[in-house]
Amino acid sequence: MSSIFSRGKAFFLFASCILFSACSTSEQKTEPTAPTTPAPAVATSVKAEPAPTTSQAPALPAEPATAASVLAKKQVPILCYHQIREWTARDGKVGKDYIVKPADFKAQMKMLADSGYHTILPDQLQDYLTKGTPLPEKPIMLTFDDTKLDQYTVAKPELDKYGFKGVFFIMTVSIGRPNYMSKAQIKQLSDEGHVIGSHTYDHHNVKKYEAKDWVTQIEKPTKQLEAITGKPIEYFAYPFGLWRPEAIPELQQRGFKAAYILATKRDPNDPLFTIRRIIASGYWSTKGLYNSIQNSF
Numbered sequence: 002m003s004s005i006f007s008r009g010k011a012f013f014l015f016a017s018c019i020l021f022s023a024c025s026t027s028e029q030k031t032e033p034t035a036p037t038t039p040a041p042a043v044a045t046s047v048k049a050e051p052a053p054t055t056s057q058a059p060a061l062p063a064e065p066a067t068a069a070s071v072l073a074k075k076q077v078p079i080l081c082y083h084q085i086r087e088w089t090a091r092d093g094k095v096g097k098d099y100i101v102k103p104a105d106f107k108a109q110m111k112m113l114a115d116s117g118y119h120t121i122l123p124d125q126l127q128d129y130l131t132k133g134t135p136l137p138e139k140p141i142m143l144t145f146d147d148t149k150l151d152q153y154t155v156a157k158p159e160l161d162k163y164g165f166k167g168v169f170f171i172m173t174v175s176i177g178r179p180n181y182m183s184k185a186q187i188k189q190l191s192d193e194g195h196v197i198g199s200h201t202y203d204h205h206n207v208k209k210y211e212a213k214d215w216v217t218q219i220e221k222p223t224k225q226l227e228a229i230t231g232k233p234i235e236y237f238a239y240p241f242g243l244w245r246p247e248a249i250p251e252l253q254q255r256g257f258k259a260a261y262i263l264a265t266k267r268d269p270n271d272p273l274f275t276i277r278r279i280i281a282s283g284y285w286s287t288k289g290l291y292n293s294i295q296n297s298f
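Each residue of the sequence shown is one higher than the last, beginning at 2 in my numbering.
One thing to keep in mind: the hints can contain errors.
Calculated pairs, EDC-like style, for lysine to aspartate or glutamate (alpha carbon to alpha carbon, straight line, at most 20 Å) [as the list claims (entries may be wrong)]: (1) K162 with D192; (2) K258 with D271; (3) K208 with D271; (4) K213 with E251; (5) K188 with D161; (6) K107 with E87; (7) K209 with E247; (8) K209 with D268; (9) K162 with D203; (10) K224 with D203; (11) K132 with E64; (12) K102 with E87; (13) K94 with D105; (14) K184 with E235; (15) K224 with D147; (16) K166 with D128; (17) K221 with E251; (18) K224 with D271.
If you're looking for bench data, these hints aren't it; they were derived computationally from the structure. Model, not experiment: these values are computed from the prediction.
Taking the hints into account, I'd like the entire structure generated from these sequences.
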């Protein structure tokens, strides 16, 4: 009896398995379900034909800057220094305007640092004016004209003290002469992150240029400075801050990106070639300089 019962139980289990398997097969055929992971063929298809995304769309070209867009930007304060030395009996009233005493210069640099100013260079200003690239908080540019030696011996150590960088506009006739910078000193300034710009051969007034003057005053000095620094010379400062509209295409043809005047108005058609600066007067106190920065730009 026990043997018969065992055989019956085994048969029942075998039949149940067959029935369960048949039911499972029937359910899979009539109600297929999606796989929990994508099949290889699907994955290959996705890789071969990716759906377009926003990041893959071609970027629209930036619109070129116009004179109006440049003029609409807030001006950046730019200071212009010449000589940094003590006054002498031979210095006239007008001459003292261009001569800042060393102690005054040191106090001015400390004031700028304490006031939170950050020096910028011409490429940064250019990107801000033409592309809207942000500048650091409280930007200011420090420029030095005429190649005077005291710009290297007095100004440079003060700039270094505060991590400031400057722009040195070089008059090439003076290079290596007594009381003027040497080629090695100019190259050192460039190597240390300061910018070297052109200030003509011998400070000849741009308003009086004739055809040959563009070679003598601009082309040859530019090549000389490029040979000294190993870098392109792309920025120009007009002697006396004087310019004329006819000079702008001449400078553009020779690879200049911008040019700097003094405190007169910018040209409404070419503001990049009439960027304003103010002379840091030898008569100003530190407070006077601060007020001039606030009121002039």
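Satisfaction of hint between D268 and K209, Cα-Cα up to 20 Å: holds (19 Å)
20 Å Cα cutoff - pair K162, D192: At roughly 17 Å apart (the allowed maximum being 20 Å), D192 and K162 satisfy the hint.
20 Å limit on alpha-carbon distance, applied to hinted pair K162 and D203: This hinted pair is violated, its Cα atoms lying about 32 Å apart.
Given pair status - E251, K213, alpha carbons within 20 Å: The given pair, whose Cα atoms are some 12 Å apart, holds under the 20 Å limit.
Pair hint K209 and E247, alpha-carbon separation not exceeding 20 Å: holds (11 Å)
Pairwise hint evaluation, D105 against K94, where the allowed Cα distance is 20 Å at most: Given pair K94, D105 holds - Cα atoms ~18 Å apart, limit 20 Å.
Proposed proximity, D271 with K258 (alpha carbon, max 20 Å): Cα-Cα ~11 Å, so holds.
Straight-line alpha-carbon gap K132 to E64, limit 20 Å: Cα-Cα ~9 Å, so holds.
Restraint check for K188 with D161, where alpha carbons must lie at most 20 Å apart: This hinted pair holds, its Cα atoms lying about 16 Å apart.
Given pair status - D203, K224, alpha carbons within 20 Å: holds (15 Å)
Pair hint outcome, K208 versus D271 [Cα-Cα no greater than 20 Å]: holds (16 Å)
Distance restraint between K224 and D271, which requires alpha-carbon spacing of 20 Å or less: violated (25 Å)
In summary, the numbered hints that this structure violates are 9 and 18.
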